[in-house]
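Chemist: Letter by letter, the chains look like this.
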Amino acid sequence: MTKPPVLILGGRSDMGLAIARRFAAAGHPIQLAARGAQGLEADRADIALRHGVAATLHEYDALKDAPDAWIDALPNLPGVVVCAIGYMGDQPTSEVDQVQAAIVLRSNFEAPALILAAFANRFVARGSGALVGISSVAGDRGRGSNYVYGSAKAGFTAFLSGLRNRLSGTPVQVLTVKPGFVATRMTEGMKLSPALTAQPAAVAAAIEKAVRRKRDVIYVKPVWALVMLIITHLPEAVFKRTRL
Amino acid sequence: MNVEGWGRFPRRDCRVTGPRSEDELRAQVSGGPLIARGNGRAYGDSAQNPANTVDMRRLNRMLAFDPEAGQLTAEAGVLLGDVIDAFLPRGWFPWVTPGTKYVTLGGAIAADVHGKNHRRNGSFRSFVDWIDVMGADGQVRRCSRAENPELFDFTLGGMGLTGVILRTAIRLRPVESAWIRQTAIAAPDLATAMEALEAGSDAAYAVAWIDCLCTGKSMGRSLITLGEHATRAELPDAKRADPLRTPPKRKLTMPLDAPSFTINGLSVRAFNALYYRKGAWASGVDYVDWDTYFYPLDAILHWNRMYGRKGFAQFQCALPLASAREGLEAMLRAISGARQGSFLTVLKRLGPQESAFSFPMEGYTLAIDFPVNPKSLRLLTELDAITIAHGGRFYLAKDSRMTAETLRRSDPRVDRFLAMRADAGRSGAFISGQSERLSL
Ligand SMILES: Cc1cc2nc3c(=O)[nH]c(=O)nc-3n(C[C@H](O)[C@H](O)[C@H](O)COP(=O)(O)OP(=O)(O)OC[C@H]3O[C@@H](n4cnc5c(N)ncnc54)[C@H](O)[C@@H]3O)c2cc1C
Ligand SMILES: NC(=O)c1ccc[n+]([C@@H]2O[C@H](COP(=O)([O-])OP(=O)(O)OC[C@H]3O[C@@H](n4cnc5c(N)ncnc54)[C@H](OP(=O)(O)O)[C@@H]3O)[C@@H](O)[C@H]2O)c1
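As they're listed, the protein sequences go chains B and L.
In this text, residue positions in the first sequence follow our numbering: the first is 337, and each later residue adds one.
In this text, residue positions in the second sequence follow our numbering: the first is 22, and each later residue adds one.
Derived by calculation from the structure, the hints in this document are not laboratory data.
Keep in mind that a hint or two might mislead.
Claimed, not checked - Here are the simulated lysine-lysine pairs, BS3-like style, with alpha carbons at most 25 Å apart:
| id | chain 1 | residue 1 | chain 2 | residue 2 |
| --- | --- | --- | --- | --- |
| 1 | L | K272 | B | K557 |
| 2 | B | K576 | B | K527 |
| 3 | B | K545 | B | K557 |
| 4 | L | K272 | B | K545 |
| 5 | B | K339 | B | K527 |
| 6 | L | K270 | B | K545 |
Claimed, not checked - Cβ-Cβ distance ranges computed for the label pairs, FRET-style:
| id | chain 1 | residue 1 | chain 2 | residue 2 | range |
| --- | --- | --- | --- | --- | --- |
| 7 | L | A262 | B | G463 | 21 to 31 Å |
| 8 | L | E219 | B | A362 | 45 to 55 Å |
| 9 | B | D433 | L | P195 | 51 to 61 Å |
| 10 | B | A531 | L | P317 | 30 to 40 Å |
| 11 | B | A531 | L | E457 | 30 to 40 Å |
| 12 | L | A85 | B | G463 | 34 to 44 Å |
| 13 | B | R521 | L | R354 | 51 to 61 Å |
| 14 | L | A406 | B | M526 | 46 to 56 Å |
| 15 | L | A85 | B | T429 | 37 to 47 Å |
| 16 | B | A461 | L | T274 | 46 to 56 Å |
| 17 | B | Q535 | L | P317 | 22 to 32 Å |
| 18 | B | A537 | L | D87 | 51 to 61 Å |
Beta carbons: idealized from backbone N, C-alpha and C, even for Gly.
Work the whole structure out from these sequences, hints included.
Modeler: Take a look at the structure:
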């Protein structure tokens, strides 16, 4: 039985590549989409060689490419789409620079939401497919230290939740991933608690399993569900004085 | 971040960087002195630099495979174990492998590692077609026997001190199965063990495991295992059906920091006696899966914690054929006299070796490990002297404590290596704890 292709949007990200390898190891062909996709040739070759699957590169800029036209230009419609696109930006800069703040908001919410929605329509028409959105616990409650990024992720989480609700009853899966801290380029140099930090390969394994099991929402490290339960339940009068 | 080798000694606080591309690596090289680090399986301080230890494991992509030549092109951070995972199911195995599969290709090249088949096939170098090396100027040079041959020669065995290996093309050997036909021979003393190794010259693989606590008549009591890649036809039915696949193995993990007292003369003695008896009882022919045969220790993750927080030191020397017997006897006497048993004492026969700075030489190599304590450090100094007196030399991948003077007395090639280092800014750009300790 041939397995359906898996498309990774944000194919250069550490998490995206780890997810690609994981699905390739399970026998899925891989499509990597990224800005400057030709720079991923070594990764493409590695995936194809190691796992004996087809792997292709696709030029994609989430802020420039119109979703429908871009999807139509793909050689074949994937079975699983994973959106690993994200841009954290520097919070203090986002507070004063509206151009950057807009890029953060659009990169984490508008662009991922629109492309997954466009895939959703095609998947419903076809009668199969899985949509995976990598959102963030940062979207569960806005914090002073990164609420521009966090609020965009909150929007994305709500969008995925709504999409899942709309598509329930169809064969199309919508999976929301809240990875917690992950040791990637995005968090390089930050001091992260090892107990709360996952490796990209662990995130990838959790996602591949969650797709197989048709899950809705996953945290990668279970401890995060607890941490966020507490954070979201703090009374606002208390929460607003915290420095998290 | 604390960085340590496999022996966990010495341990140093180092800045660690992890480039993902050639450009990111170049930025590190232009930023000041550094040393490349693979998977940290060298025992001592070869892959430590407090200013910048460059973790190469993100440059870990396999780039191409040519089944005609059995040639794999890959980045230096690829693990040998990953090569096996990807290619053994297709009927290929590394030509040369050390006793752990958790080494990077870059680390295997930098140490020019040898396996149990050195006598027949030589070191890792024999199967390296070319390497791409980044120099102090940030330029990447393709090096082979024909192109930049000097840089090729000195980088194999150069312990990261000639530049950073970025990519390589290595050859794999075709195999019909994932099984090794193993013949075990129990040898009651050193002379018999060496005779068995000499007689085993047609075996693909040969190694002797020595019970180093035996004294007197049974000094050098050993268990010798010879191995061949099993052909498909010879395998028992159950294995022949799917000859390139072996049953998955369970992995054990050594708990954090076993207390130091678990390693003492008594436990080592018991372990050694048991191992020998098990071997003597099991002498004969058997089919063993590749993982168990080549990498018995890999089955216990973090087994180096067994020696406790203080860590341990490896000693590995090579002795020329003519003086090997006498040198080995002197060493075994010193070891058993000091009552410093080692869990793993391994003796291998080395074949001829061509190289500028690699470890192997035609003769014998003995590898031993000891917990780090004042008594064992004294013994190690004694073993250094015996090695030098018998015209031998030391393996830098295992070394964590010898002196610059010891190195010079054992290896006349140091001067040429230093001249190579002085050229093209290498000695200012590529520096490790080991290179400083040994004034390389
Ligand atoms: C259980 C065990 C068994 C072993 N058995 C054997 C054996 O049978 N035969 C044998 O020969 N060795 C053996 N070794 C030693 C091991 O093979 C070598 O130390 C090898 O170099 C480790 O590779 P690594 O990737 O972990 O490199 P590291 O330990 O990280 O580095 C080792 C050296 O390689 C250099 N290096 C690493 N990557 C690069 C790069 N990309 N460019 C330039 N320099 C680089 C480093 O600077 C350092 O000098 C064994 C080690 C263990 C732990
Ligand atoms: N690391 C964490 O702790 C963490 C925690 C929770 C959630 N996340 C989320 O996990 C996902 C993966 O992130 P990561 O940690 O792997 O970090 P990353 O390496 O920074 O990945 C983000 C990726 O998004 C891509 N991207 C940004 N804007 C784009 C655009 N306009 N068009 C195309 N691609 C664009 C980037 O591509 P370029 O290479 O071209 O810039 C980059 O590859 C992101 O959604 C992130 O928000 C991360």
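Chemist: Next step is simple, just say for each hint if it's right about the structure.
Modeler: Hints, one by one, checked against the model:
no.	hint	verdict
1	L:K272 x B:K557	holds (23 Å)
2	B:K576 x B:K527	holds (23 Å)
3	B:K545 x B:K557	holds (14 Å)
4	L:K272 x B:K545	holds (22 Å)
5	B:K339 x B:K527	violated (40 Å)
6	L:K270 x B:K545	holds (22 Å)
7	L:A262 x B:G463: 21 to 31 Å	violated (39 Å)
8	L:E219 x B:A362: 45 to 55 Å	holds (49 Å)
9	B:D433 x L:P195: 51 to 61 Å	holds (60 Å)
10	B:A531 x L:P317: 30 to 40 Å	holds (33 Å)
11	B:A531 x L:E457: 30 to 40 Å	holds (36 Å)
12	L:A85 x B:G463: 34 to 44 Å	holds (39 Å)
13	B:R521 x L:R354: 51 to 61 Å	holds (56 Å)
14	L:A406 x B:M526: 46 to 56 Å	holds (51 Å)
15	L:A85 x B:T429: 37 to 47 Å	holds (42 Å)
16	B:A461 x L:T274: 46 to 56 Å	holds (49 Å)
17	B:Q535 x L:P317: 22 to 32 Å	holds (27 Å)
18	B:A537 x L:D87: 51 to 61 Å	violated (29 Å)
Of the numbered hints given earlier, the model fails hints 5, 7, 18; all others are met.
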